[in-house]
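**Q** Position chain B relative to chain A; hints supplied.
There are 2 protein chains.
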Amino acid sequence: MEHLETDERERMWEKVQEALLNDQIDQFRAEFLEMHPYDQASIFTDMDADVRRKVYMYLSPEEISEVMEHIDYEDVEPFFSEMDPRLASQVLADMSTDDAVDILNSLDKNKVASFLTIMDDNDSDEIKDLLHYEEKTAGSIMTTEFVVVKANQTVREAMLHLRREAPDAETIYYTYVIDEDKHLVGVISLRDLIIAEDEWLISEVMNERLVSVAVGEDQEEIARMFRDYDFLALPVVDFQNHLLGIITVDDVLDVMEEEANEDYSKLAGISDIDSPDDHAFASAKKRLPWLIILLFLGSLTASLIGRFEDTLDVVPILAIFIPLIAGMAGNTGTQALAVAVRGMATGEVDKQGKRKIIMREAATGLITGASCGVLATVIIFFWQQDIYLGLLVGLSIFATLVVATLAGSLVPLVMDRLNIDPAVASGPFITTINDIISVLIYFGMATAFMNLLT
Amino acid sequence: MEHLETDERERMWEKVQEALLNDQIDQFRAEFLEMHPYDQASIFTDMDADVRRKVYMYLSPEEISEVMEHIDYEDVEPFFSEMDPRLASQVLADMSTDDAVDILNSLDKNKVASFLTIMDDNDSDEIKDLLHYEEKTAGSIMTTEFVVVKANQTVREAMLHLRREAPDAETIYYTYVIDEDKHLVGVISLRDLIIAEDEWLISEVMNERLVSVAVGEDQEEIARMFRDYDFLALPVVDFQNHLLGIITVDDVLDVMEEEANEDYSKLAGISDIDSPDDHAFASAKKRLPWLIILLFLGSLTASLIGRFEDTLDVVPILAIFIPLIAGMAGNTGTQALAVAVRGMATGEVDKQGKRKIIMREAATGLITGASCGVLATVIIFFWQQDIYLGLLVGLSIFATLVVATLAGSLVPLVMDRLNIDPAVASGPFITTINDIISVLIYFGMATAFMNLLT
Numbered sequence: 069m070e071h072l073e074t075d076e077r078e079r080m081w082e083k084v085q086e087a088l089l090n091d092q093i094d095q096f097r098a099e100f101l102e103m104h105p106y107d108q109a110s111i112f113t114d115m116d117a118d119v120r121r122k123v124y125m126y127l128s129p130e131e132i133s134e135v136m137e138h139i140d141y142e143d144v145e146p147f148f149s150e151m152d153p154r155l156a157s158q159v160l161a162d163m164s165t166d167d168a169v170d171i172l173n174s175l176d177k178n179k180v181a182s183f184l185t186i187m188d189d190n191d192s193d194e195i196k197d198l199l200h201y202e203e204k205t206a207g208s209i210m211t212t213e214f215v216v217v218k219a220n221q222t223v224r225e226a227m228l229h230l231r232r233e234a235p236d237a238e239t240i241y242y243t244y245v246i247d248e249d250k251h252l253v254g255v256i257s258l259r260d261l262i263i264a265e266d267e268w269l270i271s272e273v274m275n276e277r278l279v280s281v282a283v284g285e286d287q288e289e290i291a292r293m294f295r296d297y298d299f300l301a302l303p304v305v306d307f308q309n310h311l312l313g314i315i316t317v318d319d320v321l322d323v324m325e326e327e328a329n330e331d332y333s334k335l336a337g338i339s340d341i342d343s344p345d346d347h348a349f350a351s352a353k354k355r356l357p358w359l360i361i362l363l364f365l366g367s368l369t370a371s372l373i374g375r376f377e378d379t380l381d382v383v384p385i386l387a388i389f390i391p392l393i394a395g396m397a398g399n400t401g402t403q404a405l406a407v408a409v410r411g412m413a414t415g416e417v418d419k420q421g422k423r424k425i426i427m428r429e430a431a432t433g434l435i436t437g438a439s440c441g442v443l444a445t446v447i448i449f450f451w452q453q454d455i456y457l458g459l460l461v462g463l464s465i466f467a468t469l470v471v472a473t474l475a476g477s478l479v480p481l482v483m484d485r486l487n488i489d490p491a492v493a494s495g496p497f498i499t500t501i502n503d504i505i506s507v508l509i510y511f512g513m514a515t516a517f518m519n520l521l522t
Numbered sequence: 069m070e071h072l073e074t075d076e077r078e079r080m081w082e083k084v085q086e087a088l089l090n091d092q093i094d095q096f097r098a099e100f101l102e103m104h105p106y107d108q109a110s111i112f113t114d115m116d117a118d119v120r121r122k123v124y125m126y127l128s129p130e131e132i133s134e135v136m137e138h139i140d141y142e143d144v145e146p147f148f149s150e151m152d153p154r155l156a157s158q159v160l161a162d163m164s165t166d167d168a169v170d171i172l173n174s175l176d177k178n179k180v181a182s183f184l185t186i187m188d189d190n191d192s193d194e195i196k197d198l199l200h201y202e203e204k205t206a207g208s209i210m211t212t213e214f215v216v217v218k219a220n221q222t223v224r225e226a227m228l229h230l231r232r233e234a235p236d237a238e239t240i241y242y243t244y245v246i247d248e249d250k251h252l253v254g255v256i257s258l259r260d261l262i263i264a265e266d267e268w269l270i271s272e273v274m275n276e277r278l279v280s281v282a283v284g285e286d287q288e289e290i291a292r293m294f295r296d297y298d299f300l301a302l303p304v305v306d307f308q309n310h311l312l313g314i315i316t317v318d319d320v321l322d323v324m325e326e327e328a329n330e331d332y333s334k335l336a337g338i339s340d341i342d343s344p345d346d347h348a349f350a351s352a353k354k355r356l357p358w359l360i361i362l363l364f365l366g367s368l369t370a371s372l373i374g375r376f377e378d379t380l381d382v383v384p385i386l387a388i389f390i391p392l393i394a395g396m397a398g399n400t401g402t403q404a405l406a407v408a409v410r411g412m413a414t415g416e417v418d419k420q421g422k423r424k425i426i427m428r429e430a431a432t433g434l435i436t437g438a439s440c441g442v443l444a445t446v447i448i449f450f451w452q453q454d455i456y457l458g459l460l461v462g463l464s465i466f467a468t469l470v471v472a473t474l475a476g477s478l479v480p481l482v483m484d485r486l487n488i489d490p491a492v493a494s495g496p497f498i499t500t501i502n503d504i505i506s507v508l509i510y511f512g513m514a515t516a517f518m519n520l521l522t
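As they're listed, the protein sequences go chains A and B.
The first sequence begins at 69 in the working numbering and counts up one residue at a time.
The second sequence begins at 69 in the working numbering and counts up one residue at a time.
Simulated from the structure, these hints should not be mistaken for laboratory data.
A hint or two may mislead.
As the list makes no split between identical chains, a pair holds if one copy fits it or if it spans any two.
Once the Cα atoms are required to be at most 30 Å apart in a straight line, the calculated DSBU-like pairs of lysine-lysine come out as [unchecked claim]:
{"#": "1", "residue 1": "Lys83", "residue 2": "Lys422"}
{"#": "2", "residue 1": "Lys354", "residue 2": "Lys422"}
{"#": "3", "residue 1": "Lys424", "residue 2": "Lys83"}
{"#": "4", "residue 1": "Lys354", "residue 2": "Lys424"}
{"#": "5", "residue 1": "Lys250", "residue 2": "Lys422"}
{"#": "6", "residue 1": "Lys353", "residue 2": "Lys179"}
{"#": "7", "residue 1": "Lys424", "residue 2": "Lys353"}
{"#": "8", "residue 1": "Lys353", "residue 2": "Lys422"}
{"#": "9", "residue 1": "Lys422", "residue 2": "Lys196"}
Only chain A is shown next, with the shape it has when bound in the complex (with noise of 0.2 Å):
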């Protein structure tokens, strides 16, 4: 079962829908029941509607809900709009609990209704307990297919009872002991148990110091806590220590990819990276949000530069120089907000107080600004044979780049200081609020010295 390449994909494609205009169930679900999950979503996402609809007559629930758990949970939702709603509700019912979740989530609310009174209700009972966990928690990820053990058992029973479980549970390689009342007492692996003798009690082989979580933990913190400490699983709590859920390291992917997705966007100034099958649109709708609000902006910057008309009619020569000075404070902004937006992402920041962070942005700033004035005051007097204009542009990027680079990072910290969310420090806002920065130290600084520039 090799990840598929592009032609492998064609190929099985190719058999896979043979087989089903042909009617042959069997010849069909052998080719496609030997794929790996993810590649079954992948096919599957490609059928035609009228093909789809032999697909949910030849697969069980129970195989459809394997195909389902493989596609991103945002894109799910025509699929169990064409399907019975019968078939759908039992299909919901056989996946994951946290993948039931994450699609009834994104559902028209009338439908989950509908879907779970069909349901079962031992399925549908455990299903809407996780629907209460607010988006990007512990609760929202984590799943309630674990096995627990009680600390008063034995190796051997427990063993038993896994064995029995195994085919349902989301992990069975690290199981959680609960004492009487419920309690997450502590864990035990697989790899400890299978070494254990058969008659000792589990409470004797359990390690009592375990790391949980939360049910309310932020899914970003989450994931770096499986990143620092290699987790592969981690037990969720409620604050009196029951046990809710168990989060798994394969859904941790999920969202370590989800959360980069997001820093990455923010950075663009994207409101969410497009999804492969937007159309023009859809991706429109995503950016504009972001060029209008900077359309607005740059209409200040605009009027900005008008009020120093006056200047600019004395010495024209300014105008070439605003795009230069623009770009190299929007860049040096963008560059520490990366770095601040990161380290507050990684737990840095916390770690080494903010206060130190900014000192050490103020003289990166000095450094940079320092470094680049000078640079570019050479250039523009050996270019222009104009020392004023050169030392002009060359302070005015001195002084810009320092301002610059403390308004990247100081603007993220506050906001999450305040709170806010730091998505509004994207990247593009912090350019262009650079921008307005540095034409108005450029032109104040001009007009102040606009005799020597004459």
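**A** Same frame as chain A, now just chain B:
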């Protein structure tokens, strides 16, 4: 063993520090070894050099190796330098081979040679084998500490073997099956193994359809496979399908973090996100390369605008819209760049075809360009009471956004095609290219229609 909060870490730090200063070996060992190695590492790196020297005395090489495995391998060099070389090579030998290799790759060549000379032959051979693999490939992130079983063993024999090997293996949850010639022929999960009957043959219960990766495979592609297929481990093979090593999911979490940081840094135009311990000079060094390139590109823009000096002399008000137009061009280019780069990273671009992506970007540029162009015309008409100026800026924005959107997606796609590292197409580069394009469009149009503007 909770994830230590800052104040908790401080408290632990003081206890450990105190025990060390008073040479209470047992006290220190009890406190220190009770923590998770990640927390040990974070306390250890905060110590003064003379305190650390005591740690080297009071811990065994194996205990020190656990600490070292949880420090970023780029920051570990000073610690190995201050250890006695004999201790250092022992610590390296006790580490997971993949971690040891990461560290050795970041050390001075001479030092590496001397460590390997002191080391036990067995250990140094394992490490030497791994040192040959190129950075960021499967070979560089795999470990050679894995358990294999033979296809003709029984489940009972395999379990016995596993129990014996468990303490040293990186994972025992997936066991790989080899034939007489050491070819990889199957995989069996511990889950399946504990469910199977003792007398069954491994060849009967193993899964023969397994996914493996070539030793030269790119680590980003490997991360994608773990994410898509929910693996906990993957076997690495040579071109003859000999099993060389395994990659475990905990290393993939680090790879994902590294790749996300890399993409993010490129977009912001920094050679590398600052490490927390960087001082201002180190930060400035990472940011200056791009700023200096931008300074030269910006001078080019300035000299291009200089060619339109006559136009500027006649219509000086043109200058005030330069930042607006250049800013929008820069931003729309960054948006398109971000979408293309993420699309390539997640593999969606390959799946969709580059042509389709470019067509979509062109259409997106037309939509955003038309919207912003009309809006700009209206704003400037009402503000400046000059319909021709409004039309000039509006049309410039329209043309600029179309071209800039295309440039933002074309440049990385073309570079990828030419096998050039798309790092060159980072955010500030695209922004500056689009600055130049936008200024040319704007002043070109203004010069052509100058009689309408005066």
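**Q** Determine for every hint whether it applies to the structure shown.
**A** Structure-based check of all given hints:
1. Within a single copy, lysine 83 and lysine 422 get their C-alpha atoms only as close as 59 Å, which misses the 30 Å cut-off; across copies the closest is 26 Å, which meets it.
2. When the C-alpha separation of lysine 354 and lysine 422 is checked against a cutoff of 30 Å, the pair qualifies only between copies, where the shortest distance is 20 Å, while the shortest distance within a copy is 32 Å.
3. In this assembly of identical chains, lysine 424 and lysine 83 lie within 30 Å of each other by CA distance solely across copies; the values are 25 Å between and 62 Å within a copy.
4. Within a single copy, lysine 354 and lysine 424 get their C-alpha atoms only as close as 36 Å, which misses the 30 Å cut-off; across copies the closest is 18 Å, which meets it.
5. For the homomeric pair lysine 250 and lysine 422, neither the shortest alpha-carbon distance inside one copy (41 Å) nor that between copies (55 Å) is at most 30 Å.
6. In the homo-oligomer, the alpha carbons of lysine 353 and lysine 179 lie at most 30 Å apart inside one protomer (26 Å), although the nearest pairing across protomers, at 56 Å, exceeds that limit.
7. Taking the shortest Cα distances, lysine 424 and lysine 353 sit within 30 Å of each other only across copies (19 Å), while inside one copy they are farther apart (40 Å).
8. For the identical chains of this complex, lysine 353 and lysine 422 are inter-copy neighbours only, at 21 Å across copies versus 36 Å inside a copy, given an alpha-carbon limit of 30 Å.
9. Taking the shortest Cα distances, lysine 422 and lysine 196 never come within 30 Å of each other, neither inside one copy (41 Å) nor across copies (43 Å).
Of the hints listed earlier, those the structure fails to meet are numbers 5, 9, in rising order.
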